[in-house]
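Participant: The chain contents come next:
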Amino acid sequence: MSLAIPQGLDNTVEQPGERAPLVLGDTTYHDITESVCRVAERAPSKGWIIGFLISFALLQWLGLCILYLFYEGVGVWGNRSPIFWGWPIVNFVFWVGIGHAGTLISAILFLFRQEWRTSINRAAEAMTIFAVICAATFPGIHVGRAWLAFWLAPYPSLNLWMWPQFRSPLLWDVFAVSTYGTVSLLFWYMGMVPDLATFRDRSKNKYRRMAYGLLSLGWSGSSRHWMRYEKAYAILAALAAPLVLSVHTIVSFDFAVSQVPGWHTTIFPPYFVAGAIFSGFAMVLTLMVPARSMLNLEKLITIRHLDNMCKIILATGSIVGLAYSTEFFIAWYGQVDAEIFAFVNRAFGPYWWAYWIMVTCNVISPQLFWFKKCRTTPWIIVVISIFVNIGMWFERFVIVCTSLSRDYLPSAWAYFTPTWVDWSMLIGSFGLFFTLFLLFCRLMPVINMAETKSTLAKQYHMAHNDEH
Amino acid sequence: MSDDSNEKKVHGLFAEYDSVDSLLAACRRVRDAGYTKTDAFAPFAVHGIDTALGIKPSKLPYIPLVAGLTGTGIAMLMQIWMNGINYPYIISGKPYVLSIPAFMPVAFEVTVLLASFGAFFGMWALNGLPRFSNPMFTDPRFDRATDDRFFLFIDAKDQRFDAEGVRQLFADTGSQYINTVVEDDTPKQIPRFLLIVWALLVGFSIIPALIVAKMRVTNSDKPRFHIFMDMDFSPARDAQQTTSLFADNRAMRPDVPGTVARGQLGDGLDYLTGINVDELSRMDSPRAEQLVRTFLKPQDDDEADAAGPPAAPSAEQAASADQTASVMDTTPWLKENPLEITADLLDKGQEQFNIYCAVCHGRNGKGNGLVNQRAQQILAQQWIPPASLHQDILQQDKYPDGKLFSTISNGIRKMPGYSGQIKTRDRWAIVAYVRALQQSRRASIDLIPADKREEITQLKTEIDKKLAEQAEAERKKQEEGEQQAAKS
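Quick mapping for you: the protein sequence lines, in order, are chains X and F. Take the first sequence: its letters are residues 1 to 468, numbered as in the working numbering. Take the second sequence: its letters are residues 1 to 488, numbered as in the working numbering.
Possibly wrong hints are sitting among the right ones.
[Said to hold, decoys possible] Far from chain F by the CB rule (all over 12 Å, computed), these chain X residues:
no.: 1; residue: C37
no.: 2; residue: M162
no.: 3; residue: S168
no.: 4; residue: W172
no.: 5; residue: R228
no.: 6; residue: A238
no.: 7; residue: V247
no.: 8; residue: W263
no.: 9; residue: I319
no.: 10; residue: L409
no.: 11; residue: W420
no.: 12; residue: I427
[What the hints assert, rightly or not] For the chain X half of the interface with chain F, some residues (derived, Cβ under 10 Å), not all of them:
no.: 13; residue: W147
no.: 14; residue: F150
no.: 15; residue: D201
no.: 16; residue: N205
no.: 17; residue: L236
no.: 18; residue: A457
Since the hints were derived computationally from the structure, they do not count as laboratory data. A quick note: this is a predicted structure, and the numbers were derived from the prediction, not measured. Even glycine gets a Cβ: it sits at the ideal position worked out from N, Cα and C.
Same shape as in the complex, but just chain X (with noise of 0.2 Å):
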């Protein structure tokens, strides 16, 4: 039972009439469960080792670094008058950002039938989760007093009997978030938990096998428990799309919502969930170019969903240039002295570097995807994905500090300088976030081997079809 797919196909290449496979090679079912199931069961390659022990390393420097900041105080960081919000925000916004690609390709691409999704959307996901822990950490340290950091939930306060603000888009941000990752990691865990049986069922370790058993819930394969389990994710990845649309937009209240001019705008938050998509696609390429041939999983990653996902960055990234050029026009439209000064600062004053950076690397640099050769050459799109995340990354600092570093009163005006906690911290998130990342390739089902079978199964029907 195998379906012969040239070796050297190139599935990038639309045919009229016929759906390009998305399956390469003579593969079976037993084969997409081998080529997955591997990936756990062999011993760690070098590679692994050495990247786990590198990120578990920063790991550990970012706990450290963070228990400084418990002992010391907010001011080890660079944050100074006015520039309070600094990178620890800046941080924030950009691991949010990160994680909406995954939900994304999970939930919208599903709704819209988009069949390429399967082979990425587990690992997509599991990218998500991970970029919201990322991302909760900052707010969380950012508060000053973190152990305090209940006091965010809506709990009357112990002595006060206050409530939380909720009319405050902070407080928005901590239900936006939250519900992103509980919501995230419910519908990465339900994706999971057929493949997770395949997993206890393949086990012969005993432990295994009941640590995998009780992770897949006792899931049997039955139709029945199919047929709600395929409604339930229809009906969370019609929950999760407008969510994903929130999150960020929410986070874009904490800025626009504000009065700071440069923030100030409504253009805010489709300009920030563009942002957000385009540095998430960013970040999903930038781990599974190399994942793909490090678990020799390019049967089921193949050229054509690299192809596609660059198309998506492209369409973003040029939605965020548009964003970019808009923001200038509205403030010589509107013609407000201090808009007008926000965003000629931005380009031209103090910040002009980091200005120019985002520029070049968000606008300028996927611009290369209209080329074909750059969409389906994997260390051409590593090399972009790289640009983009850095680019988003100074995308969020231009907007954090350029405006509050020039603040009301001139005599407040400052410079940001971040210091050796700062640097360590962000580093220390990349840190936090591929530990997590190298954990879940050893440990769990890196593709979605039911979904992705039953893509097999349809290429199966059609082909047998054509037979006909």
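Following the hints, position chain F against chain X.
Facilitator: Below, chain F alone, put in the same frame as chain X:
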């Protein structure tokens, strides 16, 4: 396996297939044969299996719908109650009970959260999962149901179930592997050691919470225990303690260079009081001693403030008691202003006089300032009109500069003392200006340089004329007013 399974209770029969198409074909045959208690097992969701097996659509979507609506309701009520009713946050006078637009984001998020919980947990509940003991799992061959094989199962509880018939039916559908499933008779109880571990974990996890709860209701004379010091912990030091913050290790810091303490200004007591203290000490040494103590050594701030500088008796005492009046008379006041009289000093005095004194005494010192005019208008009953500064008794020969200074500083009758508001030097400047003001009313034309006398005389005539006209107009107006009042 099938040999000894005969003794166990039969759960059902299953057949294995290697493709979706053969599974679907078998499902249709089984359905058409009239079996209802059937199920198919596959490694992925097989589309079309519901009709092939005759499975009804799930009721699942209602659960997230209800859960989501509950979420909306809870979120809206929570926000309205917390921010509008229980602890109203009123900001800029905006609506606070029903600020719907501001409550939307949280309502949306909670709706999505609860609807997702509904879909997620509802699905597992309807599926009867988690269920770790399943008879299907007893056959190792069934492990491939999550890999690449498809299984069709007919339950022994089905009315038409007959082991041989079903086996035959399965064989007809082209299955390569058919087997009987027996009930799983492995013990269903959770192993004892797991229960013990679980109980221990729960027990230990409660301990910290119990400790916190106990601490909260227990009184203690020790300071509160802080893992991290809050702002209510102030590392302030006592006067004689040491500190590592400064090189000299003293917690109590010496005065910043240039600090001037009260009474250390170096000004003489005469200058501060307007009294010739040397002479006073000869005449009335206790009072002089008191003066010295008050001005040079404030023993205790509260006491000094409460007492006030007793340089001169208070206004009421001065007005009522003969004895104190005589004190006022006998005090050896400074006859002359101790400052050098310059044009700058007079300008300063004028400025200060117009700020502090003119409101009552009038800019010209005749005692008809705005406050007095208003008081006359409203006929304030207990109003004591401010004195005209041009009276004879206030001239320098009868009212020495020191006494005038003391009056400005300490007040008289209804007039409060101004020592708190006006600096010592400025009070002396006012004294100088008042003298100049008095002089302006009594000076003879001879004092003016000869070449300017003509000009001044002309000016005086013009001003007198204008004043007379004004007075006439005022009088007429008043008369008209009285006539009208009489008519009505």
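Participant: Which numbered hints does this structure break?
Facilitator: 1, 2, 3, 4, 5, 6, 7, 14, 16
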